[in-house]
Structure formats: structure tokens, C-alpha cells
Amino acid sequence: MSTKTIAAPLPGTFYRRPAPEEPPFKNEGDPVAAGEQVGLIEVMKTFTAVLAEEAGHIRRFLVENEAPVMAGEPLYELEI
Amino acid sequence: MRKLFIANRGEIAVRIIRAARELGIRTVQAVSAADREMLAARLADEVFEVGPAPAAKSYLDREALVRAAVASGADAVHPGYGFLAENATFAEAVERAGLVFVGPRPETIRLMGDKARAREFAAAAGVPIVPGGGGSLEINELLGCARAIGFPLMIKAAAGGGGRGIRIASNAEVLQRLIAEAQSEAKAAFGDGAIYLERFLPRARHIEVQVLGDGERAVHLFERECSLQRRRQKLWEEAPAAFLTSAQRDALCDSAVRLAAAMGYRGAGTLEYLLDEERGEYFFIEMNTRIQVEHPVTEMVTGLDLVREMLGVAAGRPLGLRQGEITLRGHAIECRINAEDPERGFLPAPGVVHAVIVPGGPGVRFDSMLYPGCAVPPFYDSLLGKLVVWDETRAQALARLRRALAELCIDGIRTTIPAHRILAAHPDVARQAVHTRWIETWLAGNPFANTGAEAEC
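Same order as they appear, the protein sequences are chains A and B.
The first sequence begins at 1 in our numbering and counts up by one.
The second sequence begins at 1 in our numbering and counts up by one.
Worth flagging that the hints you see were computed from the coordinates, not collected in a lab.
For each residue, glycine too, the CB sits at the ideal point set by N, CA and C.
Honestly, I wouldn't trust all of these hints.
Per label pair, the in silico range of CB-to-CB distance [to be verified]: (1) Gly73(B) <-> Ser2(A): 35 to 43 Å; (2) Glu21(A) <-> Pro202(B): 49 to 57 Å; (3) Thr46(A) <-> Arg317(B): 26 to 34 Å; (4) Arg317(B) <-> Glu28(A): 57 to 65 Å; (5) Glu36(A) <-> Asp192(B): 42 to 50 Å; (6) Glu64(A) <-> Ala355(B): 55 to 63 Å; (7) Gly29(A) <-> Glu120(B): 36 to 44 Å.
List time: in silico BS3-like cross-link candidates among lysine-lysine, alpha-carbon distance up to 25 Å [as the list claims (entries may be wrong)]: (8) Lys26(A) <-> Lys4(A); (9) Lys45(A) <-> Lys3(B); (10) Lys187(B) <-> Lys45(A); (11) Lys115(B) <-> Lys45(A); (12) Lys26(A) <-> Lys234(B); (13) Lys45(A) <-> Lys26(A); (14) Lys115(B) <-> Lys3(B).
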């Protein structure tokens, strides 16, 4: 098993939940399939889904919910 | 008013600082952690950091902003547009802290923010609203109602919202069939089969009237046309709406003053209308209780400074302007320059601006947040600035706009400039043959397929 660091595809505000009152898309330790949604990035009022590029387990998020993120900045660690 | 706190960012913050400085008012600029180097922060007398980059924790944080305004020693707060500009709770918090809110009274913001109440209030003041009615289950009652409203009609679930399940009927026969469909669908979706009918305007134009009030008296500064919109976001605005007859213009502007006077309006505000060009009828849709992005086109054709007037009224001075002294001269056009790539579906395009060439010469104004090397953060609206031109006639203003757009160059990020260059040369725009859904039809024709010169910086 190896750990891979996944970078943010876009700059903006990172959201781990679809809406403030809803549970997160993924918790740390959760399995994730390729193409599954792990978060949202808001760029200039436009929301873009962050999809897992490959399957594995989410080890931990490196950016907090509703925190700013730059393109290419480490977003989460994936165990594959 | 001695010191003004600006609870906004970008180009409108720059605009407010300019007006304040000319009046001898000191300025305190609110900034998020991402905006310490923005143009407004460089121009203001003082800068106050209110929170981290995301707007929810800075420019939308009411408590942090009021705390900062008080701590900075400001005696007034200008909310700009967007963010908390139409938030009655924020206006109340500012007033409770003993500061002046540069805008209408909180109860006015609340009244106009409730679209159903605003519609009733307008109707009571004798301002035409989109004909509608129903809320009934009884078919004969609905058909009678439809005859009074006129066709084509929009059929909605009375309990619904957000455009869901809307049907269009062009005659009574179709209406009868669609009502049955809509009723069973509404019953299933909302547990209530009541139907609401409203006149459908297939080719409406967006017209809006600028008003100013001091709480006692109100005046209008004529109208603007903003029919060129993409997904309800205005791209291009003009003043006046050149196709209106002077009788239509008078009736429209008088209705806006009636509404503003009925609520004892204070500050700058805009009443938005839909105009059915075929029938020459106009209908009030909503009021924006703040300064608007496109206010410069009104300033260009009236020679007045709207932000200065707002500050004067907020400082407690009665409006100095008389309706008869406000005159309309020439024609003005504004293009919104956004950090968006029109060739890729208007995708947001934040980044760093390398070089900027700003057009000048007679009748050209550029209100922006740009300077060479400035950052355009991804956290906020994409508006970078507004290119505004004025000339004696609309045709001359269009020629001047084409010249100014050819000069304007923003290097480093993608912008809406190429889209504006094509629009400024489009025959439909030249003959004013546009409506609120014109842009969508135009974009469906892939207007960027053969661009050469338009796309060059």
C-alpha cells in the first residue's frame, strides 16, 4: 500500500460538504471509487466538483472545509 | 461624516474612495487576507483586515465588519453592491453601533427584499406589475382569470418556486389541457393543486430606472437598458433605452418616482422592469436598494455623481436636486470586463495581471480594480472593471466603444473583452434588436469560431 498526495485542480474555496447542514462527501478513512465526489471548489461564484481520479482510501484532508486553496496545493492523501 | 468604512472590495470600493476623497471624507478599506494589495487598499487612507480569504468569513461576516468599522473610528459604512448591501440585519447592526448606513432604512431593504410584498406595494402605488392571478383550483375561475390577463400565459404551481414545472399556453384550448396537467403535477409535488397564472413575455427587454431619495423627496435619473444578459448576469448596459418614445420614458420614470416616494426612499435605488416591446407595456419586477454596477452610464448622460449624492443624503443633507434640473444628454454604453474566458463557456479565470493598457480620449471612462501586477483572487466575483463610453448619439457612442475596446488590453488573464468586441460590431446590437434571451441565442451560434482580431490583446 502506498500513499499519494492529490493536488487541488483549481484555486478557490474548498468545501467538504454539499451544503453547510449536510454530512461531508467523504470522511477520513472512507473508501473512494474513481470518479466519486470528494469535495467542491468555488471559483468566482462557480462551483466545480472535485472527483477522485483513482480508487483508494482517503487517509486525511490537508485543507479544511471552507478554507482557501491554490491550484496545485496538496488537497488530500489517498492510500492505494 | 468624517470617516467612511468601505465594507466591500474591487472596483466599487475604488469608486467609493474616489467620491469620499473629493468630499474631504477619510476612508477605511475593509480587506480580507487575500486583498491586502488590492487597488482600493492602496488608495484608502487606512486598511482594516476583517477576516480570511473566503467571503463568508470576511466581506459577509456582519459582526466582524461592524467591529472593524467601530474600532477604526469611522462614523459611516458604505456597503457597495453585492455582499451585505441588501442585508437589513447588517444595516440594523451598523445603526445599532451608532454609525450611519449609507443606504435606505433597514425596513425599506426588508420590504423590497421580499419579492411578493414588493410586488403588492408597487401595485398599491399604481406601478404596473406583471399581470397575474389565480391561486385557484376551479377551472372556470382560472379560465376567467386567463381572459383578464391575456395570452401567452405562464402556468405555475401556486406552492412551487424556482421555475419548476412552468408551462406556457398560447390560447384557451391549450390552457385548459395544461392546467389539468399542472394541477395533478402540483398535487403530487406539493400536496396542493392550486395554480397561479401570469402573463408570459417571450421577448422582453430589461429596463431599469435610477432613483435618488432623501427620505422625504425622490427624483429619477432616467432609465437604463440591460437586456444583454447571460444567465441573468448583465454583460452590457446603456443609458438611455434609446428605442423608448419620450411619452413611454416619462410614464416609466414617473412610475418609479411614485414608488420611491411612497416608501420615503433614502439613497440611490433602482427599479427593474420588463418591457413587452410588441405591446409597449412595462411591468415592475423588483427594486435594488443599493448602488448598481452599471450606475456610470447614468452618470455619463446626466452629468451627476451618484455616489456623491448617496454620501450627501447619508450625511443628513436634503437632496439638492430638483427633477426639472436633471436632464438627459447623449448616449452611454458600459461593457463589463470580467475575468472569464468567453471562448470556454465564460469559465472563471483568476490569476495575475501583467500589463494593462487603458483606453482614453474624449468620452471614455474606465472604472476598475486593475493595475500591472495585481492579483485577481479566485474567491470573489469575476468583475474586473467597466469600460464606459459617452457620445452625442447612440451610433457615435458605438463607434467610440469599438475604438476603446480595440485599445483596451489586459495581459495575463482571460477576459470578456473578445466577446464585447464582437457584440460592439453586431448588426442586432446596432439596431437595438435585442431582448433578455438574445445573448443565449447568439452564443448558441458559436460566435468565437472565426475570431482573429477580436481575440488579440
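Open item on the list: Hint check: Lys45(A) vs Lys26(A), CA-CA at most 25 Å. Holds or violated?
Closed with: 23 Å, holds
- [ ] Using the beta carbons of Gly29(A) and Glu120(B), state whether their distance is inside 36 to 44 Å or not.
- [x] 54 Å, violated
Open item on the list: Can you tell me whether the CB distance of Thr46(A) to Arg317(B) sits inside 26 to 34 Å?
Closed with: Distance hint for Thr46(A), Arg317(B) is violated at roughly 42 Å.
- [ ] For Glu36(A) and Asp192(B), compare the CB-CB distance with the range 42 to 50 Å and indicate the outcome.
- [x] 37 Å, violated
- [ ] With a cut-off of 25 Å on the C-alpha distance, tell me whether Lys45(A) and Lys3(B) pass.
- [x] Not OK: Lys45(A) and Lys3(B) at ~31 Å, beyond 25 Å, violated.
Task: Consistency of beta-carbon spacing, Ala355(B) to Glu64(A), with hint 55 to 63 Å - done: 36 Å, violated
Task: Restraint check for Lys115(B) with Lys3(B), where alpha carbons must lie at most 25 Å apart - done: Answer violated: Lys115(B) to Lys3(B) is near 34 Å, above 25 Å.
Open item on the list: For a C-alpha distance cap of 25 Å, please report whether Lys26(A) and Lys4(A) respect it.
Closed with: 17 Å, holds
Task: Hint consistency between Lys187(B) and Lys45(A) [alpha-carbon to alpha-carbon, up to 25 Å] - done: 35 Å, violated
Open item on the list: Quick check on a hinted range of 35 to 43 Å for Gly73(B) and Ser2(A), using CB atoms only.
Closed with: 57 Å, violated
- [ ] Go ahead and decide if the range 49 to 57 Å is satisfied by the Cβ distance of Glu21(A) to Pro202(B).
- [x] 39 Å, violated
Open item on the list: Between the alpha carbons of Lys115(B) and Lys45(A), is the straight-line distance 25 Å or under?
Closed with: 23 Å, holds
Hint compliance for this structure: hints 1, 2, 3, 5, 6, 7, 9, 10, 12, 14 are not met, and every other hint is.
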